[in-house]
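Spelled out, the chains give:
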Amino acid sequence: AQTVTQSQPEMSVQEAETVTLSCTYDTSESDYYLFWYKQPPSRQMILVIRQEAYKQQNATENRFSVNFQKAAKSFSLKISDSQLGDAAMYFCAYRSHLGGYQKVTFGTGTKLQVIP
Amino acid sequence: GAGVSQSPSNKVTEKGKDVELRCDPISGHTALYWYRQSLGQGLEFLIYFQGNSAPDKSGLPSDRFSAERTGGSVSTLTIQRTQQEDSAVYLCASSLAGNYNEQFFGPGTRLTVL
Chain A
181 AQTVTQSQPE
191 MSVQEAETVT
201 LSCTYDTSES
211 DYYLFWYKQP
221 PSRQMILVIR
231 QEAYKQQNAT
241 ENRFSVNFQK
251 AAKSFSLKIS
261 DSQLGDAAMY
271 FCAYRSHLGG
281 YQKVTFGTGT
291 KLQVIP
Chain B
45 GAGVSQSPSN
55 KVTEKGKDVE
65 LRCDPISGHT
75 ALYWYRQSLG
85 QGLEFLIYFQ
95 GNSAPDKSGL
105 PSDRFSAERT
115 GGSVSTLTIQ
125 RTQQEDSAVY
135 LCASSLAGNY
145 NEQFFGPGTR
155 LTVL
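In the order they appear, the protein sequences are chains A and B. According to my numbering, the first sequence holds residues 181 to 296 in order. According to my numbering, the second sequence holds residues 45 to 158 in order.
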């Protein structure tokens, strides 16, 4: 079974600075998807960014980018120019690329605090 | 367009009572998921519906938990004889079919069992 580990329960960053959230996963599969979801205090989770394992290029969405290291099974999220609205729980998630339905496995989350 | 909605947003109940939690997915989304999020924890998978296929119930923690999805749209999660350890936020998500597609989450129902 796949596991997803987020070793940083809490992180803080100064507004306008850059922060990196860590995520590692364990799998024997070669094809899969990785996701970062954000959950603000409103509880509504939204997708921040996703990566397909067969793509070597790191995904980027505006101020959000990932550092995907397939051999190391690492998928960290970098937030540049941090804003107060970035304060939230961030969850890393894994999903197999195998055919048919595959469950999504979530990490335990990292709570990000943005300091004005 | 409307997102995933859940009701009620908060529910307080007494131990031993039954509760029903409702989820309205995004129109056209064939996949629907229920998760449980306990304080300070990640998301625990409960159950998955996909179209007319048999649901994946492998995450339901006990036979007190059940869910149904009527007409391929609205879903209800029922917890019978609630226990204090059932207190958590229950999140519903929907998506298009396919493992690449993102899940769209509702705001959740916070259940408190006294």
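In short, the hints are calculated from the structure, not lab data. Any given hint could turn out to be false.
Within a straight-line C-alpha distance of at most 27 Å, the following computed BS3-like cross-link-like pairs (lysine-lysine) qualify [claimed, not checked]: (1) Lys61(B) <-> Lys291(A); (2) Lys101(B) <-> Lys283(A); (3) Lys250(A) <-> Lys283(A); (4) Lys258(A) <-> Lys235(A); (5) Lys55(B) <-> Lys101(B).
Tested hints:
no. : hint                    : verdict
1   : Lys61(B) <-> Lys291(A)  : violated, 33 Å
2   : Lys101(B) <-> Lys283(A) : holds, 11 Å
3   : Lys250(A) <-> Lys283(A) : holds, 20 Å
4   : Lys258(A) <-> Lys235(A) : holds, 18 Å
5   : Lys55(B) <-> Lys101(B)  : holds, 23 Å
Of the numbered hints given earlier, the model fails hint 1 alone.
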